[in-house]
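Chains as they are written, first to last, in our numbering: chain A, 6 to 295; chain B, 205 to 666.
Simulated from the structure, these hints should not be mistaken for lab results.
We put the CB at the ideal spot given by N, CA and C, even for glycine.
Incorrect hints may have been included.
Listed below are the simulated DMTMM-like cross-link pairs for lysine to aspartate or glutamate, each with C-alpha atoms no more than 20 Å apart in a straight line [claimed, not checked]: (1) A:Lys238 <-> A:Asp44; (2) B:Lys559 <-> B:Glu465; (3) A:Lys161 <-> A:Asp186; (4) B:Lys564 <-> B:Glu480; (5) A:Lys142 <-> B:Asp550; (6) A:Lys136 <-> A:Asp223; (7) B:Lys469 <-> B:Glu480; (8) B:Lys469 <-> A:Asp59; (9) A:Lys45 <-> A:Glu211; (10) B:Lys559 <-> A:Asp122; (11) A:Lys182 <-> A:Glu146; (12) B:Lys469 <-> A:Asp98; (13) A:Lys136 <-> B:Asp550; (14) B:Lys559 <-> A:Asp98; (15) B:Lys403 <-> B:Glu431; (16) A:Lys136 <-> A:Glu232; (17) A:Lys276 <-> A:Asp118; (18) A:Lys61 <-> A:Asp34; (19) A:Lys119 <-> A:Asp52; (20) B:Lys559 <-> A:Glu146; (21) B:Lys335 <-> B:Glu272; (22) A:Lys161 <-> A:Asp183; (23) A:Lys142 <-> B:Glu431; (24) A:Lys238 <-> A:Glu211; (25) A:Lys238 <-> A:Asp98; (26) A:Lys174 <-> A:Asp98; (27) B:Lys564 <-> A:Glu146.
Here are the computed distance ranges between Cβ atoms for each label pair [to be verified]: (28) A:Glu169 <-> B:Ile568: 23 to 29 Å; (29) A:Gln187 <-> B:Thr385: 43 to 49 Å; (30) B:Leu375 <-> A:Tyr57: 39 to 45 Å; (31) B:Ile568 <-> A:Asp179: 32 to 38 Å; (32) B:Leu458 <-> A:Arg170: 37 to 43 Å; (33) B:Leu572 <-> A:Ala221: 34 to 40 Å; (34) B:Leu482 <-> A:Gln240: 53 to 59 Å; (35) B:Ile652 <-> A:Pro81: 49 to 55 Å; (36) B:Leu375 <-> A:Arg170: 57 to 63 Å.
Listed next, the stretches of chain A that the computed footprint assigns to chain B, with coverage defined by at least 3 CB atoms under 8 Å from CB atoms of chain B [as the list claims (entries may be wrong)]: (37) 134–147; (38) 155–161.
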Amino acid sequence: MLQTLSSTTPPVIESGNQTKTRARVSRDDRNTAGHPFVDKPRMSCRDVNVYYGDKKAINSVSIDIAENEVLAMIGPSGCGKSTFLRCLNRMNDTIAICRVDGTIKLDDQDIYDKKIDVVPLRAQVGMVFQKPNPFPKSIYENVAYGPRIHGLADAKTELDAIVERSLIKAGLWDEVKDRLDQPGTGLSGGQQQRLCIARAIAVGPEVILMDEPCSALDPIATATIEELISELKLQYTIVIVTHNMQQAARVSQRTAYFHLGDLLEVGQTDKLFTRPSHQLTEDYITGRFG
Amino acid sequence: MSNLLLVTILLGFVSFGYVYGRKYALAAGKKGGDIHKLHSRPAYHGMLIALWCGLPTLLILFVWQLIEPSIITSMIISSLPDTFSSLTPGPRGLILNDIRNLAQGLHFGSTVDPELLHASDYYLQLQQTGKNIKSASVIVIGIAALLVGFRHFSPGLRARNHVERIVRYFLICCSLIAIFTTIGIILSVLFEAIRFFQKIPLSEFLFGLTWSPQTSIRADQVAASGEFGAIPVFAGTMLISAIAMAVATPIGLLSAIYLSEYASKRMRAVAKPLIEILAGVPTVVYGFFAALVVAPFIRDAGASIGLQVSSESALAAGLIMGIMIIPFIMSISDDVINAVPQSLRDGSYGLGATKSETVKNVIIPAALPGIVGGILLAVSRAIGETMIVVMAAGLSANLTANPLQAVTTVTVQIVTLLVGDQEFDSAKTLAAFALGLLLFIVTLILNILALYIVRTYREEYE
Ligand SMILES: Nc1ncnc2c1ncn2[C@@H]1O[C@H](COP(=O)(O)OP(=O)(O)OP(=O)(O)O)[C@@H](O)[C@H]1O
Ligand SMILES: [Mg+2]
Numbered sequence: 006m007l008q009t010l011s012s013t014t015p016p017v018i019e020s021g022n023q024t025k026t027r028a029r030v031s032r033d034d035r036n037t038a039g040h041p042f043v044d045k046p047r048m049s050c051r052d053v054n055v056y057y058g059d060k061k062a063i064n065s066v067s068i069d070i071a072e073n074e075v076l077a078m079i080g081p082s083g084c085g086k087s088t089f090l091r092c093l094n095r096m097n098d099t100i101a102i103c104r105v106d107g108t109i110k111l112d113d114q115d116i117y118d119k120k121i122d123v124v125p126l127r128a129q130v131g132m133v134f135q136k137p138n139p140f141p142k143s144i145y146e147n148v149a150y151g152p153r154i155h156g157l158a159d160a161k162t163e164l165d166a167i168v169e170r171s172l173i174k175a176g177l178w179d180e181v182k183d184r185l186d187q188p189g190t191g192l193s194g195g196q197q198q199r200l201c202i203a204r205a206i207a208v209g210p211e212v213i214l215m216d217e218p219c220s221a222l223d224p225i226a227t228a229t230i231e232e233l234i235s236e237l238k239l240q241y242t243i244v245i246v247t248h249n250m251q252q253a254a255r256v257s258q259r260t261a262y263f264h265l266g267d268l269l270e271v272g273q274t275d276k277l278f279t280r281p282s283h284q285l286t287e288d289y290i291t292g293r294f295g
Numbered sequence: 205m206s207n208l209l210l211v212t213i214l215l216g217f218v219s220f221g222y223v224y225g226r227k228y229a230l231a232a233g234k235k236g237g238d239i240h241k242l243h244s245r246p247a248y249h250g251m252l253i254a255l256w257c258g259l260p261t262l263l264i265l266f267v268w269q270l271i272e273p274s275i276i277t278s279m280i281i282s283s284l285p286d287t288f289s290s291l292t293p294g295p296r297g298l299i300l301n302d303i304r305n306l307a308q309g310l311h312f313g314s315t316v317d318p319e320l321l322h323a324s325d326y327y328l329q330l331q332q333t334g335k336n337i338k339s340a341s342v343i344v345i346g347i348a349a350l351l352v353g354f355r356h357f358s359p360g361l362r363a364r365n366h367v368e369r370i371v372r373y374f375l376i377c378c379s380l381i382a383i384f385t386t387i388g389i390i391l392s393v394l395f396e397a398i399r400f401f402q403k404i405p406l407s408e409f410l411f412g413l414t415w416s417p418q419t420s421i422r423a424d425q426v427a428a429s430g431e432f433g434a435i436p437v438f439a440g441t442m443l444i445s446a447i448a449m450a451v452a453t454p455i456g457l458l459s460a461i462y463l464s465e466y467a468s469k470r471m472r473a474v475a476k477p478l479i480e481i482l483a484g485v486p487t488v489v490y491g492f493f494a495a496l497v498v499a500p501f502i503r504d505a506g507a508s509i510g511l512q513v514s515s516e517s518a519l520a521a522g523l524i525m526g527i528m529i530i531p532f533i534m535s536i537s538d539d540v541i542n543a544v545p546q547s548l549r550d551g552s553y554g555l556g557a558t559k560s561e562t563v564k565n566v567i568i569p570a571a572l573p574g575i576v577g578g579i580l581l582a583v584s585r586a587i588g589e590t591m592i593v594v595m596a597a598g599l600s601a602n603l604t605a606n607p608l609q610a611v612t613t614v615t616v617q618i619v620t621l622l623v624g625d626q627e628f629d630s631a632k633t634l635a636a637f638a639l640g641l642l643l644f645i646v647t648l649i650l651n652i653l654a655l656y657i658v659r660t661y662r663e664e665y666e
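Based on the provided sequences and hints, a complete structural model is requested.
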């Protein structure tokens with residue numbers, strides 16, 4: 006499914022010295038190295054700039070997101086990963102001082118077009134946040150919230166079916182099926198995060214954005230979520246921000262490295278982690294920066 | 205030496221104790237080679253010495269000030285001839301007053317009883333001695349305390365812990381003052397109310413349907429015996445509070461929602477203070493606004509559609525009281541809504557909910573316990589409000605649910621029972637305390653309920 010295009014440098018296959026490959030792009034270069042574009046993108050972003058007031062947080066970022074892939078975004082804190090992620094379903098609209106320019110397309114439709122309504126957009130591009138944020142309602146109501154506001158179910162049985170399906174997909178059904186009427190806030194952190202994923206799935210999105218979904222969880226809950234992501238990618242396109250490079254390596258097919266508002270490198274995850282092309286990427290993943 | 209001078213000297217001692225105690229500790233620490241050998245930082249050592257000097261001396265001064273007058277008085281009394289000590293307290297007080305006046309150089313009439321003159325001289329003399337003893341003892345004790353403080357110093361002295369403990373006791377004392385005042389008020393109201401219930405049975409007070417507290421003031425007066433059924437009065441309070449809450453809750457809540465969710469920063473910065481000005485308007489101003497503008501307006505409006513409205517009506521008072529409470533509800537709701545975590549809003553917007561859907565389905569339910577708590581607090585304010593009702597709702601204790609009639613409230617009745625010349629053990633006057641007690645119990649329950657709700661809400665997010 007995933008095909009890289011416009012590769013200026015042919016991939017180097019050197020089995021002998023994979024551990025110590027020289028990065029080629031110098032530290033001063035702010036262009037995107039690697040392969041940011043793909044054949045049939047689900048979403049494509051071109052020259053995206055984001056400003057908070059006068060401050061530029063994202064600087065001319067262009068990248069494609071392929072169908073059914075997991076794209077990981079990594080980079081030092083404050084480099085704009087969350088900001089960029091939030092552009093993809095226009096969550097930045099809720100921040101008064103935030104301004105976005107450039108084009109972001111979902112299936113060839115510019116999502117910042119004046120004619121576009123954010124309500125269906127956000128149903129198509131769902132979001133899971135860093136801290137599990139279930140509503141202070143019952144487990145059932147948490148999942149039913151989205152379908153209700155989008156009018157996805159006419160009858161109670163239909164709604165029940167959606168809730169059950171979403172909870173099954175989020176791998177939570179077996180744990181909560183006997184207590185759907187209990188508050189979602191009463192679940193454990195990992196369960197809450199899966200509840201939030203179920204809540205996002207319930208409105209039938211095609212793309213799911215996840216902003217550090219495991220950073221508030223313990224290793225076991227993290228492993229559960231990672232497994233879940235691997236299953237979800239069969240059906241959904243997933244963009245995940247993470248500070249955990251092992252996690253990026255485990256769950257993603259492609260990885261994008263952000264640095265102070267610039268997108269410095271995009272590439273196949275295994276390649277980016279073993280043979281980064283940008284010097285700063287190498288600095289970051291080897292722990293010399295960040 | 206005047207008290208002012210004495211206190212100034214003491215403050216001098218205290219500052220000396222602090223400054224030099226600190227220096228002393230610093231020097232001792234340096235001499236020891238390692239400043240960390242000092243258990244506490246030098247400032248704490250200085251503070252401890254200052255407190256050691258300041259606290260006992262100020263305490264002595266304070267206690268002296270309290271007991272000196274009674275000691276002097278008793279000494280004067282014992283110096284006076286026996287004829288005096290056989291007098292009843294009334295005339296005795298008058299004579300004592302004369303002596304004090306004489307001592308201050310005031311005397312009325314041309315002749316002065318030589319015995320009194322003598323007593324007043326003695327009084328002056330006692331006062332002077334008292335002053336001298338006081339100044340001397342305070343200064344001596346102050347210096348001694350300083351010396352002891354410095355002697356007591358050693359690098360290992362746990363000065364920080366001592367200072368912290370003293371601070372803690374001081375804070376405890378402050379809160380005790382508030383607690384004891386509350387207890388005092390409750391007890392005094394309670395005892396008067398008990399006296400009332402000795403005259404009027406509790407059941408009549410709680411369940412009686414008529415309120416007309418006209419009793420005879422003098423024994424020879426012919427008057428009705430008075431009826432003390434509190435129900436009409438409480439019904440009036442409930443009616444007016446209900447009208448007030450019906451006005452204040454929606455307006456206050458909706459403006460809070462507007463301010464916290466919809467308004468731009470600039471709008472909020474302007475509108476919030478403007479609304480909060482309402483809270484600063486004295487209630488008496490609201491009262492005459494209600495009585496002079498709103499009540500006649502309601503009466504005329506009622507008349508024009510053929511309704512009989514009395515010129516003082518529960519509606520007028522309730523409306524204005526509601527307006528008075530708006531900022532109260534608004535600012536509590538605003539706080540509570542702002543305390544709803546941004547992550548919940550994000551979660552809702554992230555699912556494609558619009559602003560009003562988010563407000564209705566996420567923010568209000570999440571904030572509801574806090575809002576309800578705020579509303580209950582506002583109710584107890586409405587119940588306790590007096591001025592507006594006195595001016596706009598009238599004094600007649602009608603048992604009615606019709607907001608167009610004049611009604612009266614508990615607080616208003618308390619005021620009318622206690623103004624003017626009263627005999628303090630008639631049922632009429634004592635009834636005020638019984639009403640006050642009942643009112644206090646009601647608002648107490650409301651407040652406890654409100655606090656309870658607000659607190660369970662807090663636990664949900666932290
Ligand atoms: N609401 C906001 N208002 C103003 N500036 C913001 C806002 N949100 C983010 N920024 C700024 O934009 C820049 C990028 O922030 P962003 O949250 O996207 O970083 P991040 O890569 O997600 O960092 P982290 O890894 O710590 O989450 C930062 O410099 C931050 O200070
Ligand atoms: Mg972030």
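Tested hints:
Distance restraint check for Lys238 (chain A) and Asp44 (chain A): the Cα-Cα separation of roughly 18 Å lies within the 20 Å cut-off, and the hinted pair is therefore satisfied. With a C-alpha separation of about 8 Å, the suggested pair Lys559 (chain B) and Glu465 (chain B) falls inside the 20 Å cut-off, and the hint holds. About 15 Å separates the Cα atoms of Lys161 (chain A) and Asp186 (chain A), which keeps this hinted pair within 20 Å; it holds. A threshold of 20 Å between alpha carbons decides the hint, and for Lys564 (chain B) with Glu480 (chain B) the separation of about 25 Å lies outside it, so the pair is violated.
Restraint check for Lys142 (chain A) and Asp550 (chain B): satisfied, since their Cα atoms lie roughly 16 Å apart, inside the 20 Å limit. With a C-alpha separation of about 13 Å, the suggested pair Lys136 (chain A) and Asp223 (chain A) falls inside the 20 Å cut-off, and the hint holds. Annotation: proposed proximity of Lys469 (chain B) to Glu480 (chain B) holds, straight-line Cα distance about 17 Å (limit 20 Å). For the hint pairing Lys469 (chain B) with Asp59 (chain A), the CA-to-CA distance comes to about 17 Å; that is within 20 Å, so the pair holds.
Using a Cα cut-off of 20 Å, the hinted pair Lys45 (chain A) and Glu211 (chain A) holds, with the two alpha carbons roughly 15 Å apart. The suggested pairing of Lys559 (chain B) with Asp122 (chain A) holds, with an alpha-carbon distance near 13 Å, which does not exceed 20 Å. Between Lys182 (chain A) and Glu146 (chain A) the CA atoms are separated by roughly 13 Å; this keeps the pair inside 20 Å, and the hint holds. A distance of roughly 16 Å separates the Cα atoms of Lys469 (chain B) and Asp98 (chain A); the hinted pair therefore holds under the 20 Å criterion.
With a CA separation close to 11 Å, the supplied pair Lys136 (chain A) and Asp550 (chain B) stays within the 20 Å bound. A hinted pair counts as satisfied when its Cα atoms are at most 20 Å apart, and Lys559 (chain B) with Asp98 (chain A) qualifies at roughly 12 Å. Proximity of Lys403 (chain B) to Glu431 (chain B) is assessed by CA-CA distance (about 12 Å); at most 20 Å being required, the pair is judged to hold. With a CA separation close to 19 Å, the supplied pair Lys136 (chain A) and Glu232 (chain A) stays within the 20 Å bound.
Among the hinted pairs, Lys276 (chain A) with Asp118 (chain A) is inconsistent with the structure: their alpha-carbon atoms are about 36 Å apart, more than 20 Å. Restraint check: the Cα-Cα separation between Lys61 (chain A) and Asp34 (chain A) comes to about 18 Å, which is no more than 20 Å; the hinted pair holds. Among the hinted pairs, Lys119 (chain A) with Asp52 (chain A) is consistent with the structure: their alpha-carbon atoms are about 18 Å apart, no more than 20 Å. Simply put, Lys559 (chain B) and Glu146 (chain A) have alpha-carbon atoms about 19 Å apart, close enough for the 20 Å limit, and the pair holds.
A C-alpha spacing of about 9 Å is found between Lys335 (chain B) and Glu272 (chain B), which places the hinted pair at or below 20 Å, so the restraint holds. Distance hint between Lys161 (chain A) and Asp183 (chain A) is fulfilled; the C-alpha atoms sit about 18 Å from each other, no more than 20 Å. At roughly 52 Å between alpha-carbon atoms, Lys142 (chain A) and Glu431 (chain B) are farther apart than 20 Å, so this suggested pair is violated. With a CA separation close to 10 Å, the supplied pair Lys238 (chain A) and Glu211 (chain A) stays within the 20 Å bound.
Taking the CA atoms of Lys238 (chain A) and Asp98 (chain A), the gap is near 27 Å; set against the 20 Å cutoff, the hint is violated. Between Lys174 (chain A) and Asp98 (chain A) the alpha-carbon distance is near 29 Å, which puts this suggested pair outside the 20 Å criterion. Distance check on the hinted pair: Lys564 (chain B) and Glu146 (chain A) sit about 14 Å apart at the alpha-carbon level, within 20 Å; holds. The beta-carbon spacing between Glu169 (chain A) and Ile568 (chain B), approximately 28 Å, falls within the hinted interval of 23 to 29 Å.
Under the hint 43 to 49 Å, the C-beta atoms of Gln187 (chain A) and Thr385 (chain B), about 45 Å apart, fit the expected range. Separated by about 44 Å at the C-beta atoms, Leu375 (chain B) and Tyr57 (chain A) satisfy the suggested range of 39 to 45 Å. Taking the beta carbon of each, Ile568 (chain B) and Asp179 (chain A) are about 33 Å apart, inside 32 to 38 Å as hinted. Against the hinted window of 37 to 43 Å, the Cβ-Cβ separation of Leu458 (chain B) and Arg170 (chain A) comes to about 38 Å, which satisfies the hint.
Against the hinted window of 34 to 40 Å, the Cβ-Cβ separation of Leu572 (chain B) and Ala221 (chain A) comes to about 26 Å, which falls outside the hint. At about 55 Å, the beta-carbon gap between Leu482 (chain B) and Gln240 (chain A) stays in the expected band of 53 to 59 Å. In this structure the hint that Ile652 (chain B) and Pro81 (chain A) lie 49 to 55 Å apart at CB holds, the actual value being about 51 Å. Distance hint for Leu375 (chain B) and Arg170 (chain A): a CB-CB separation of about 58 Å, consistent with the stated range 57 to 63 Å.
Counting residues of the segment 134–147 of chain A whose CB lies closer than 8 Å to any CB of chain B gives 7, which reaches the minimum of 3, so the coverage claim holds. Counting residues of the segment 155–161 of chain A whose CB falls under 8 Å from any CB of chain B gives 1; the rule of at least 3 is not met.
Hint compliance for this structure: hints 4, 17, 23, 25, 26, 33, 38 are broken, all remaining hints hold.
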